[in-house]
Each structure stands twice: as structure tokens, then as C-alpha cells.
Amino acid sequence: MDRLFSLLAFGPSGWGDEIAAGAFVTLSLALATLPFGILLGLLVALAQRGRSRVLAGAATIFNTIFRGLPELLTLLIVYYGGQILLQAVVRALGLGINVQVNAFVAGMVALGLVLAAFSAEVWAGALNSIAKGQREAGYALGLSRWQTFRLVVAPQLLRVALPGLSNNWLALLKETSLVSTIALPDLMRQTNVAVGNTKEPFFFFSVAILLYLLFSVASGGVIALLEARANRGMGRARA
Amino acid sequence: MIRDLLGLVVDLNLLDRYGWRMLDGLAITLKLVGITFVLGAVLGLGIALMRLSRNRIVAGIAFAYVYFFRGTPLLAQLFVLYYGAGQFRDTLEPLGLWTILRDAWNCALITFTLNTAAYQAEILRGGIQSLPKGQSEAAAALGLRPWQALWKVILPQALIVGLRPLGNELILMIKASAVASLITVYDLMGVTRLAFSRSYNFQVYLWAAVLYLALVETVRRVWAFAERRLTRHLRPA
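From first to last, the protein sequence lines are chains A and B. The first sequence maps to residues -8 to 230 in the numbering used here. The second sequence maps to residues 7 to 243 in the numbering used here.
Since the hints were made in silico from the structure, they are not lab data. The structure presented is a predicted model; accordingly, all values stated were derived computationally and were not measured. Keep in mind that a hint or two might mislead.
[What the hints assert, rightly or not] Label pairs and their in silico Cβ distance ranges:
{"id": "1", "chain 1": "A", "residue 1": "Leu204", "chain 2": "B", "residue 2": "Ala220", "range": "31 to 39 Å"}
{"id": "2", "chain 1": "B", "residue 1": "Leu212", "chain 2": "A", "residue 2": "Gln147", "range": "39 to 47 Å"}
{"id": "3", "chain 1": "B", "residue 1": "Asn174", "chain 2": "A", "residue 2": "Val144", "range": "25 to 33 Å"}
{"id": "4", "chain 1": "B", "residue 1": "Leu219", "chain 2": "A", "residue 2": "Gln147", "range": "32 to 40 Å"}
{"id": "5", "chain 1": "A", "residue 1": "Ser19", "chain 2": "B", "residue 2": "Lys158", "range": "38 to 46 Å"}
{"id": "6", "chain 1": "A", "residue 1": "Phe(-4)", "chain 2": "B", "residue 2": "Gly92", "range": "18 to 26 Å"}
{"id": "7", "chain 1": "B", "residue 1": "Pro138", "chain 2": "A", "residue 2": "Pro146", "range": "51 to 59 Å"}
{"id": "8", "chain 1": "A", "residue 1": "Leu46", "chain 2": "B", "residue 2": "Leu12", "range": "46 to 54 Å"}
{"id": "9", "chain 1": "A", "residue 1": "Val144", "chain 2": "B", "residue 2": "Trp26", "range": "28 to 36 Å"}
{"id": "10", "chain 1": "B", "residue 1": "Leu18", "chain 2": "A", "residue 2": "Ala83", "range": "45 to 53 Å"}
{"id": "11", "chain 1": "B", "residue 1": "Tyr73", "chain 2": "A", "residue 2": "Phe(-4)", "range": "18 to 26 Å"}
{"id": "12", "chain 1": "B", "residue 1": "Glu223", "chain 2": "A", "residue 2": "Pro26", "range": "28 to 36 Å"}
{"id": "13", "chain 1": "B", "residue 1": "Arg227", "chain 2": "A", "residue 2": "Leu204", "range": "30 to 38 Å"}
Positions of the beta carbon are idealized from the N, C-alpha and C atoms, including for glycine.
Work out the full structure: start from the sequences and follow the hints.
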């Protein structure tokens, strides 16, 4: 047992620092994807109920595709497809340079698209929950469409959307493990490397699992705080 | 004629070489998800009942089970079983378990079943808890035994409540099953990755995307139809 734990030491003899670096990449990727994904999701949800039929149709197609494809496939399509696209652009521009798609960016784009599609559903539900009178009152006060959205609708939206978005975040955190397949040195990838060198798969994968679990538990704590803050001033029904 | 038209959009050589194998892969995906979803439902019911148990220890174990499987990536769960099992070969062999766990297919089957059971348990628990207390009291007043009440009164109603989330879970399983390809199961994703690694033709990924979308969309529609049919007695006339 001591031998196993000494494998987790930081420094050249152990894998502790490599795994910590991997965990850092995992968290950075998830945190970098979050704002991009949920904002795009909000835009998709707004497009879906907007006046433009073309935009609404495009939003529906977007949702169908990115909610229907396996996340792993989306990731590989973005990574390899992005590579092909980028090379075509470079060739068209007549640049004789060799470009590589950054795995972190590919992961961020792919997971962001998936997050957008799933969070769009949450946003749509939240938008529906806000009574029509709220918007009408905004217009009656002489606010523009954008002002009404920003000052009247948006503050109420977040409170309703928060539980759904929390689920989206927890799903995202777990999905980041897929980027290990495109050689991004995240927690899963670093664990794989450690396993390859030490032949201790059970121990190292268990460590990785416990770290993911820790992230989920910690997220739960933060989410509880956010919800308490979003619901301040809202009296709860008592049984 | 049809082939010529098809040739405009797809690489026919590639299609001849990998088309049928991808359909075989699709069948493997269906089989994997079908078996694990059903086994997961059975296990999930047991866990949901444990979770609702008045015995704190039993409920606690079920809670920990659900928390663990929902809080960690499926990929990591799959790896710990598949690669981890090899380390315990000496212990597993006399128990006859090694022949089971040596096989990637079995590992995927076991992991996916345990994983979906946790999600389905939460759906069932939500469904059972959404029913008014009067339902079980009425069943008890009619002299039904607890398991009769569960089977004939509680579960049918809880399943109606859980129908839509169960459909979502089935679709999530279809998508998540693609990670089986990472431990050498030749499901649709596995065959696609193989075809890509041999041909370096990006098209295969797009074909796989079309097949997955068709599968998910079909399941979604069939499930919606079934839901409409099963809840027709609940709609106002």
C-alpha cells in the first residue's frame, strides 16, 4: 500500500505532479468551455423563439445535431475536420506553413457546441417560465427590446435556469475526459500515461475517479451557494 | 444509376470497403445499448427501492452508489474495470471471473449496466416520490401486500411519470456507448475509428454522424409515440 501511495509523490519519482497538472487541464478546459457554451445556448434559445424563421430553423437543426451525436464523435469531427479546414484555408491563402489544430481549442469548441445545444433547452424552459406581462410591463415603461431583456427578463432568467445549468456543468465536467483521446494531457490522459509506465491501472484509474468525484462534490457545494444567492428574497413555500 | 448519384456525394470505394462493416457496428451499438438498458432497468429498480428504504444504512448505500456512478465519467469507470481487472488475474482466475472480465465486450456491458442503473434509479425514485401518499394507503386499505401494491399500484404510475426522462436516458446511453470503442469494442464508433485510421478519409466520420443521428431520431420518435399511446387515458377528452 505504501508503495502505491509513493507512486503519487510529487517530483521525478512519482506521478503526483503529472496527475495534478492533468487535473488542472481538466478544470481549465471545463471552465473555459462553460461561458462560451451557455452563452451560445442562450443565443440558440433566443433564436428558436425569435421572429426570424430562418434563424429558428437553424437553431432547431443545431440542437438536433449536437444533442444527437455522441460527444466523442463531435470531438473527433471538430478535431480532424478542423484540421482539414484549417489546412485548406492555409493552402488557399498560399501560405506554405504547417498548421496544427490545438487540442485544447478543439475540445473547447466541441464540448462548447454540445453544451450550447443542451443548455439551449434549459434556457428555453426558463424563458417560458417568465410571464408575458413582465415583458409587456417593460415595453409599457418605454424600455427597448434589449433593455427589457437585460433589465427585466435576464435577472429572473438566471434563477430559474440555474438548476438546469448546474446539471449541464456536471455533465460537461465528466465529458472533458473524452479529450484524452485527442492527446490533450488532461486528468484521464495523464492517468493513462502513469498506468503505461507503472502497470498499476486499478490504482491510478481509481485515483482519477476519486478526483472526478471530488470535482463533482465541490461543484455541488458551489452550486448550492449560487442557488441560495439566486433565490435570496424568494420566500419558499412551507409544508 | 443510384450508385452514380451516390457517387457524387460519397466515396464509393470507401463505401464498398466499410459500408457494411459500419452497419454491423451499428447493430453492435444497438445490441450493447439494448441489453444494458434493460439490465440497468432491473438493477435500477432495486436501487431505487433501496434508496427509499427506511433503513438508513440500506438507503445510504444506494445513495453512495448513485452518487458515485453519476459523479464520475463513464470513460473512467470503463477503464478501471477493463484495465484494472487484468491486475487481479490471479485472484479472478480461480473464481472463473477472468474469462468474463478479459473480454472488452463484457466489460462494456457491465460498466454500462451499472452506470445506467444509477441514472434510472434516480428517475424511478423521482416517479415514486411524486405519487401522493394516498396511493399506497389506498392499496394497503384494500389489503394488498406491500409488493403487490408496488407492482400493481405504485410502479405503473411511477413509470408513467418517468417515461420521458427514461427516453432521454436511453438516448444518452446510445451516445455514451461510443466510448466502448476506446476499449476495442467494434461498435459503430469503433468501426468508424478503424476505417479512419486505415483510410485517412474524413468522410467516414460524417457517415457515422448520419447513422447516429438517424438512430437517435428514430428512438426519439418511437418513444414519443409510445408515450402518447401509454398516456392516452390521462388526456382530457
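Cross-check of the supplied hints:
Judged by the Cβ atoms, the range 31 to 39 Å given for Leu204(A) and Ala220(B) holds: they are separated by roughly 35 Å. Taken as a hint, the range 39 to 47 Å holds for the pair Leu212(B) and Gln147(A), whose Cβ atoms sit roughly 41 Å apart. Under the hint 25 to 33 Å, the C-beta atoms of Asn174(B) and Val144(A), about 27 Å apart, fit the expected range. Restraint check, Leu219(B) to Gln147(A): a C-beta distance of roughly 35 Å satisfies the suggested window 32 to 40 Å.
Roughly 53 Å separates the CB atoms of Ser19(A) and Lys158(B), a value that falls outside the hinted 38 to 46 Å. At about 21 Å, the beta-carbon gap between Phe(-4)(A) and Gly92(B) stays in the expected band of 18 to 26 Å. Separated by about 35 Å at the C-beta atoms, Pro138(B) and Pro146(A) break the suggested range of 51 to 59 Å. Checked against the given bound of 46 to 54 Å, the beta carbons of Leu46(A) and Leu12(B), roughly 32 Å apart, lie outside it.
Our hint of 28 to 36 Å for Val144(A) and Trp26(B) is violated, since their Cβ atoms are close to 52 Å apart. Look at Leu18(B) against Ala83(A): about 27 Å separates their beta carbons, and that is not inside 45 to 53 Å. The supplied range of 18 to 26 Å is met by Tyr73(B) and Phe(-4)(A), whose beta-carbon atoms lie about 25 Å from each other. Between Glu223(B) and Pro26(A) the CB atoms are about 30 Å apart, so this pair conforms to the stated range of 28 to 36 Å.
Taken as a hint, the range 30 to 38 Å holds for the pair Arg227(B) and Leu204(A), whose Cβ atoms sit roughly 36 Å apart.
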